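With the hints as constraints, model all of the structure from the sequences given.
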Amino acid sequence: MKNPLESVTGTIISGLILTVVLVVFLNNFLTPVAA
Amino acid sequence: MEALLPGLVRWAHIVAGVCWIGLLYYFNLVQMAALKDAGADGTAAGITKHVAPRALLWFRWAAVATWILGVGLLCTLGDKGGPVIHKAFTLQAPYAGIGIGAWLGTIMLINVWHFIWPNQKKILGMVPATDEVKAKARRVAMLASRTNMMLSLPMLYFMANGFSHHIG
Chain A
24 MKNPLESVTG TIISGLILTV VLVVFLNNFL TPVAA
Chain B
984 MEALLPGLVR WAHIVAGVCW IGLLYYFNLV QMAALKDAGA DGTAAGITKH
1034 VAPRALLWFR WAAVATWILG VGLLCTLGDK GGPVIHKAFT LQAPYAGIGI
1084 GAWLGTIMLI NVWHFIWPNQ KKILGMVPAT DEVKAKARRV AMLASRTNMM
1134 LSLPMLYFMA NGFSHHIG
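If you read the protein sequences in the order shown, they are chains A and B. For the first sequence, the numbering used here gives the first residue as 24, with consecutive numbering after it. For the second sequence, the numbering used here gives the first residue as 984, with consecutive numbering after it.
Hints in this document: simulated from the structure, not taken from any laboratory. Heads up, a few of these hints could be off.
Under 8 angstroms between C-beta atoms, here's a sample of chain A residues computed to sit facing chain B [what the hints assert, rightly or not]:
id : residue
1  : V31
2  : S37
3  : T42
4  : L53
5  : T54
BS3-like, lysine-lysine: derived pairs with alpha carbons at most 30 angstroms apart [as the list claims (entries may be wrong)]:
id : chain 1 : residue 1 : chain 2 : residue 2
6  : A       : K25       : B       : K1119
7  : B       : K1117     : B       : K1032
8  : B       : K1105     : A       : K25
9  : A       : K25       : B       : K1104
10 : B       : K1105     : B       : K1119
11 : A       : K25       : B       : K1117
12 : B       : K1019     : B       : K1119
13 : A       : K25       : B       : K1063
None of the values given here were measured: they were computed from a predicted structure. From the three backbone atoms N, C-alpha and C, an ideal C-beta is built for every residue, glycine too.
Laid out in structure tokens, this is it:
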């Protein structure tokens, strides 16, 4: 499989996927607001 | 003056960040492709001699300024327990969001000084390097720069969504 960072498009898609993963992680495994 | 300080530090952090990430996007979206074409018609020296060293100078020091001002901002913001910097970097509520952004920015700063700049010095002839070493440096610098571009998207999401605006 080609490294997605070889192209600008692959880099942007990887960044968007990572953003979604981290937002899901924040909302489900960390506490984003005061309890 | 005390009330003004967080706003001034936040403003300076954003100005430095625009310079850093703006140049990161310039390298990835403009210079890499331009160097490929310029290499083919023998005009790459104009970029490597006059443009890239200046862009890299502003890029690496803007990265340092952005990080220091970001840490400074977290030191000026506080709750009942004092400055929130420790809670942000340990991802404690309600600072986990800005903490993720701070960690991404920290990884990006390390990437600039540990991978991008040392390899760019070899590529641009600022330190002696064989053709083989230069070829490897080109690959490492490109992947490190692309990694930072990828990390900039979530980093900017966590910086821009007001996770630090309710503090203090």
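Structure-based check of all given hints:
1. V31: holds (6 angstroms)
2. S37: holds (5 angstroms)
3. T42: holds (4 angstroms)
4. L53: With Cβ-Cβ at 4 angstroms, under 8 angstroms, it holds.
5. T54: holds (3 angstroms)
6. A:K25 with B:K1119: With Cα atoms ~18 angstroms apart, K25 of chain A and K1119 of chain B stay inside 30 angstroms; holds.
7. B:K1117 with B:K1032: With Cα atoms ~16 angstroms apart, K1117 of chain B and K1032 of chain B stay inside 30 angstroms; holds.
8. B:K1105 with A:K25: holds (26 angstroms)
9. A:K25 with B:K1104: With Cα atoms ~28 angstroms apart, K25 of chain A and K1104 of chain B stay inside 30 angstroms; holds.
10. B:K1105 with B:K1119: Judged against 30 angstroms, a Cα distance of about 10 angstroms means the pair holds.
11. A:K25 with B:K1117: holds (23 angstroms)
12. B:K1019 with B:K1119: OK: K1019 of chain B and K1119 of chain B at ~16 angstroms, within 30 angstroms.
13. A:K25 with B:K1063: At roughly 50 angstroms apart (the allowed maximum being 30 angstroms), K1063 of chain B and K25 of chain A break the hint.
Hint 13 alone, counting from the list given before, is not met by this structure.
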